[in-house]
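J.: For reference, the chains in residue letters:
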Amino acid sequence: MRLSFVPGALSEDDSDGAINPQWEARWAEICDRLTAEAEGRGGRGYRDGDNLTLVPPHGGQGERIRVQLVEAESARVRAGWTIDVFEHFSLVDGSYSPLVPVVVAIMDGAAQEIAETSGGRWVGVCHYIPHAAGSVGLPPELSPDRLVRSLPSWRSA
Amino acid sequence: MATRSPTHQRAHLPTCVHDGGVVAPVERFRDGLTVRTTVHGLPGEIAGRPDATTRIRHKPPYRGAACRLACIAFPPQRNLEYHPSMTSNLAQPRRPTRSVTLAVVVLAIVGLGCQGAGGGSPEEAGPGNAHCSVTADYPHESSGTPGWVVAKVRVVCTNTIDSLAIDAKLHRFANGKWVDVDVAAPRVVSPVTPNEKYTHQAQAPCAKGERGSYCGAGRGSGVYGGNPAKSADWTYSAERTVECA
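Just so you know, the sequences run in chain order A and B. Note that the first sequence covers residues 4 to 160 in this note's numbering. Note that the second sequence covers residues 167 to 411 in this note's numbering.
By construction, these hints were calculated from the structure, which means they are not laboratory data. Cβ coordinates follow ideal geometry from the N, Cα and C atoms, glycine included. Careful: at least some of the hints might be erroneous.
[Stated by the list, open to error] Derived lysine to aspartate or glutamate pairs resembling EDC-like cross-links, with alpha carbons at most 20 Å apart: (1) B:Lys374 to A:Asp19; (2) B:Lys343 to B:Glu376; (3) B:Lys363 to A:Asp19; (4) B:Lys396 to B:Asp328; (5) B:Lys396 to B:Glu362; (6) B:Lys363 to A:Asp96; (7) B:Lys374 to B:Glu307; (8) B:Lys363 to B:Asp328; (9) B:Lys374 to B:Glu409.
[As the list claims (entries may be wrong)] Partial chain A-side listing against chain B, Cβ under 7 Å, derived: (10) Val73; (11) His91; (12) Gly137; (13) Ser138.
Next comes chain B alone, as it looks inside the complex (with noise of 0.2 Å):
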């Protein structure tokens, strides 16, 4: 077991309930060194040993699969900060304090909030090139599951490429920074049909009343006639002002 001391913070982390009740309740605690998950009530067929109550234990630097399914198993994350050297290559989740809170800053000077860059061009155009659009929508409140905000993130690309993996991921803005609150595991396509609309989302639950600034982001990797290629950063939506009903 962990050992706390006063620098824990215990992480505000919505209870994750599954049918059965698989996962629930799930506890982390963090202080820059440690990640406690405990999980109780795992069904003993997955987990080798029924209704375990299993304590996992993670220290930095979190690299591979541990990491990715720190981030992944467990959606939502709130208030967990990661170390900057995760290495994981899949549905990694980056620090965001210094990039978007320095977009933050810089935007919000010009009243952008945390919008990111729109608009973008294709370079390279010529003949056979493929280039895919990343659009990321605002973030809303779900009308038809109230409780959830969603941002969903659109890919389109011009030619037929191999094979396409789309990241989304929901920012909010908390204690003066933009935290993920969910980065989904990627969506992979193939093949891809040109000018068709790809879609994936994240999504975080919120509290009947909560209110607060999200923005939703997206980036797009794929492979085409072989070569691979990805997005040089994310691109985000426009900041906004949710409020759940």
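The shape of chain A in the complex, shown without the other chains (with noise of 0.2 Å):
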């Protein structure tokens, strides 16, 4: 049993990630998706266009989510002070697509916002956000001198 990576056939891919209406539909779907999750921990959604906002329940509970649509397959995520991901979704479900676990994961306070100091001094920031598909950003494992701050569950409301 071995691994091995190689190059694949160079891409053929010109289609410069332009959303057509298959992509705008998808799009939509998954707003629909994000929203009900929103709504179901009691929270709110509002869909403009291009741009989801995910507001958390009454009483400040959690992290209010933004989600873009950037192009075909791409959307950005941003939340708390530090997540701001692209982030992936296919056209049919089944297929590798992250962005919902990535939001879902946020909501469900799986996400951390890491401060790496050293010799006290505060050096940068990243995020850790694992979901049933993976992780993103930076294994706390390899952040040996970390402040960790854990995003508020959604459902702590």
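Build the complex from these two chains, which are given one at a time in their own frames, with help from the hints.
T.: Spelled out as structure tokens, the structure:
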């Protein structure tokens, strides 16, 4: 059982991420799905074209999440102080689409913001989001000198 | 505060703006000896001091977490050079000047720009072996968010493997050499489904009307049956000139 990594054929994708009606429809589905996830936790979702804002439950519990359609298969997710990631989604369910799991993980309080320190000084920030299909950001075990802030779960409201 | 000498050059970094004004602005200076990063308006809760102004001095050799964060925390990096002795094992930006420039020279002769090797075939084909192919799309301006140049990397594996990490970076040809303008934090996937296309990307901002030559690069690493493996080198996309609208 051996594993090897090889260069694939040169990409011939020249679509430049154009958003055709198929991707538009998929984006609408994802917005509906994430809005339902927000509402299920007592929050709300507002869509304005390419932008979806997910508002945590009343009382300031949790973090507001902003999702912006960037292009076909890609969206930008922002939350808290440091989370600003490009996530991907596919046209069909069942394929690799971490966008929804990542946003749900943030709602569930799985996301961590990490401040790296050195000699007592703050040197930078990063984030770590474990989710069903893997993780995003810097695995925390590789950051021995750090301050970690876990984003609160929307369910704690 | 670092002493500035005539040899210091102010790196042309974009202002890092984050919701809430967390890390704006950022300045870096370089002279081959010192990189200083100044961050204003840090949130007190995370920095341990409200609205602190923090100055960080990195001295070569850049190692470990400080190196990684210099690379990850404030992307994109423009005109920032890295000491060859950087030893970060994660999101390690290597200095591209030698190998990539050499590649450019060689490939330019045959008209291929930064285009890397493509169409590789798996080695050691046999039952039970797994192969992952790494493809880098050529960069383009984001159609949905003008002002960003995006380079995507795709990895497809033939078998169910334990875990996969994808690295992606974006190169730009500037001042006669290829430089990293973004090195994305690695994407980790576990487990990995056969024949599923896993995507990662690097991106960098570009101003309206700005024109540049870019190429994307990707590589993978993973574990299969307890055995780790990784790409022998980066896989490069074709070079492409992007003019941001």
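J.: Starting from the hint list further up, note which numbers the structure goes against and sort them upward.
T.: Violated hints: none; all satisfied.
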